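Sequences listed follow chains A and B, in order.
Position 19 of the first sequence, counted from 1, bears residue number 18 in numbering that gives the first Met the number 0, the numbering being contiguous throughout.
Position 160 of the second sequence, counted from 1, bears residue number 159 in numbering that gives the first Met the number 0, the numbering being contiguous throughout.
Mixed in with the good hints there might be a few duds.
Stated by the list, open to error - Listed below are the simulated DSS-like cross-link pairs for lysine-lysine, each with C-alpha atoms no more than 25 Å apart in a straight line:
(1) A:186 / A:218
(2) B:218 / B:231
(3) B:218 / B:186
(4) B:186 / A:102
(5) A:186 / B:231
(6) B:231 / B:186
To be verified - Covered stretches of chain B, as calculated for chain A (at least 3 residues, CB under 8 Å):
(7) 5 to 16
(8) 20 to 28
(9) 66 to 74
(10) 152 to 160
(11) 188 to 200
Quick caveat, the hints were computed from the structure, so don't treat them as lab data.
Model, not experiment: these values are computed from the prediction.
We put the beta carbon where it would ideally sit given N, CA and C, even for glycine.
Below are the chains, spelled out letter by letter.
Number of protein chains: 2
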Amino acid sequence: MNPTACILVIGNEILSGRTQDVNVQYIARRLTEIGISLREVRIIPDIRPVIVSVVTEARAAYDHVFTTGGIGPTHDDITSSCVAEAFGVPWVPHPETFALLEKHFAPGEFNAARQRMATLPQGATPIRNPVSIAPGFTMGNVHVMAGVPRIMRAMFEEIAPTLRHGTPVTSRSWHAFGLYEGALAAKLENIQHAHPDIDIGSYPFHDRDGHGGVALVCKGLDADEVTQVADKIAAMIREMGFTPLAGEPAHKA
Amino acid sequence: MNPTACILVIGNEILSGRTQDVNVQYIARRLTEIGISLREVRIIPDIRPVIVSVVTEARAAYDHVFTTGGIGPTHDDITSSCVAEAFGVPWVPHPETFALLEKHFAPGEFNAARQRMATLPQGATPIRNPVSIAPGFTMGNVHVMAGVPRIMRAMFEEIAPTLRHGTPVTSRSWHAFGLYEGALAAKLENIQHAHPDIDIGSYPFHDRDGHGGVALVCKGLDADEVTQVADKIAAMIREMGFTPLAGEPAHKA
Numbered sequence: 000m001n002p003t004a005c006i007l008v009i010g011n012e013i014l015s016g017r018t019q020d021v022n023v024q025y026i027a028r029r030l031t032e033i034g035i036s037l038r039e040v041r042i043i044p045d046i047r048p049v050i051v052s053v054v055t056e057a058r059a060a061y062d063h064v065f066t067t068g069g070i071g072p073t074h075d076d077i078t079s080s081c082v083a084e085a086f087g088v089p090w091v092p093h094p095e096t097f098a099l100l101e102k103h104f105a106p107g108e109f110n111a112a113r114q115r116m117a118t119l120p121q122g123a124t125p126i127r128n129p130v131s132i133a134p135g136f137t138m139g140n141v142h143v144m145a146g147v148p149r150i151m152r153a154m155f156e157e158i159a160p161t162l163r164h165g166t167p168v169t170s171r172s173w174h175a176f177g178l179y180e181g182a183l184a185a186k187l188e189n190i191q192h193a194h195p196d197i198d199i200g201s202y203p204f205h206d207r208d209g210h211g212g213v214a215l216v217c218k219g220l221d222a223d224e225v226t227q228v229a230d231k232i233a234a235m236i237r238e239m240g241f242t243p244l245a246g247e248p249a250h251k252a
Numbered sequence: 000m001n002p003t004a005c006i007l008v009i010g011n012e013i014l015s016g017r018t019q020d021v022n023v024q025y026i027a028r029r030l031t032e033i034g035i036s037l038r039e040v041r042i043i044p045d046i047r048p049v050i051v052s053v054v055t056e057a058r059a060a061y062d063h064v065f066t067t068g069g070i071g072p073t074h075d076d077i078t079s080s081c082v083a084e085a086f087g088v089p090w091v092p093h094p095e096t097f098a099l100l101e102k103h104f105a106p107g108e109f110n111a112a113r114q115r116m117a118t119l120p121q122g123a124t125p126i127r128n129p130v131s132i133a134p135g136f137t138m139g140n141v142h143v144m145a146g147v148p149r150i151m152r153a154m155f156e157e158i159a160p161t162l163r164h165g166t167p168v169t170s171r172s173w174h175a176f177g178l179y180e181g182a183l184a185a186k187l188e189n190i191q192h193a194h195p196d197i198d199i200g201s202y203p204f205h206d207r208d209g210h211g212g213v214a215l216v217c218k219g220l221d222a223d224e225v226t227q228v229a230d231k232i233a234a235m236i237r238e239m240g241f242t243p244l245a246g247e248p249a250h251k252a
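Starting from the given sequences, assemble the full structure and let the hints guide the process.
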């Protein structure tokens, strides 16, 4: 079985609707590619007891926990000290990170707020930040990353090679214009029942010209079985008098 | 205190990275506008025991639970029957919805799969769907909506006037180019400590030309206090030798 994962998005700015999260989709895609099964995402506020309790639950329930957000220098950046609390370890200056940041800032600019970014849970391993220097960190099975998307992506790619990879998911999809979910549901369910290990998803779409149809996606760890299922789906679409087009429609919403 | 809410995004397509969720930001903004406090978002897979247990937890913890996704006619659309299970009630044909859909489809096309969309937890109230007819529903404090964004938005707007509204959140923001979080953190923290009921957020940004700075957002239920805090933040920015620009930067990421 593939390792499991959970993402914790930490930040009031997502819950207020100020900011559109884009990190979840990036991490989700990359985990699918490297064979780690993303089981849950939780978006939670910058409130200490909430972060501590959700990190504690998640690290017990999943092989990997990825957090985004809350690791800058300001008062609302509390993820790092909350992770220390969740692990029951002190939150202490990390000497190498301290030296790295001290060198990065002009003399006199490495103030108390910036020194917080060199303060990590005792025993944490920094995650290199090639964009803006201040690192993320891994503590146990919890990987703490920035919320700014380009920094988060750089941090994720730093740690991705170090994670235990499972079997990558194989995915095949078809779409058909003019075919609707309600018409194919029974036939599709028969295919799903014959292949319980393959995850078959059905998604209606409308393109920008108002033409609609359905996209059918099959995913699984056994590439041969995914191909078999994809062939059955294409045959089903043809039998219903429609044309199966490979892949996803250009406009998915 | 304002009523609280949680959003449950139900769907493998979000967890696999296939689909970028855009419903959370819409609902989050609208709840902020009408004075309902969004406390948490959970994105969970199309797995029956997971949905049942998360709905059960969430409906006990929050005043309102909004779900998106999983109410179509295909085998992976299990939200409705899971909500019935979470409430311990039977999942039964809803006569008015049955009649509505029967009338909508051409003779012979209202098949078993489509009849599932007229099957609701016993005691549920349908939420009108002006886009594609098949309704969502409210069961207790759980509002079950479609995953397709334009249908979800229409359903949300159907129920928004019926929800108990709290005090709308007042928000004021400033941004400044060339000013960085690490430089203002201590001063900002002093303002935050003086106004614990106001939520002050600090968000670095870079515009498309590579110019960066910080956006400072203050929110709260007391509009006068929000104005006071915003004035203090503007004064702080000026004292540091930078120019406070009203509102958010054009490009936020």
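Evaluation of the provided hints:
| no. | hint | result |
| --- | --- | --- |
| 1 | A:186 / A:218 | holds (18 Å) |
| 2 | B:218 / B:231 | holds (14 Å) |
| 3 | B:218 / B:186 | holds (18 Å) |
| 4 | B:186 / A:102 | holds (24 Å) |
| 5 | A:186 / B:231 | violated (64 Å) |
| 6 | B:231 / B:186 | holds (10 Å) |
| 7 | 5 to 16 | holds (count 7) |
| 8 | 20 to 28 | holds (count 8) |
| 9 | 66 to 74 | holds (count 4) |
| 10 | 152 to 160 | violated (count 0) |
| 11 | 188 to 200 | holds (count 5) |
The structure fails to meet hints 5 and 10 from the earlier list, while all remaining hints are met.
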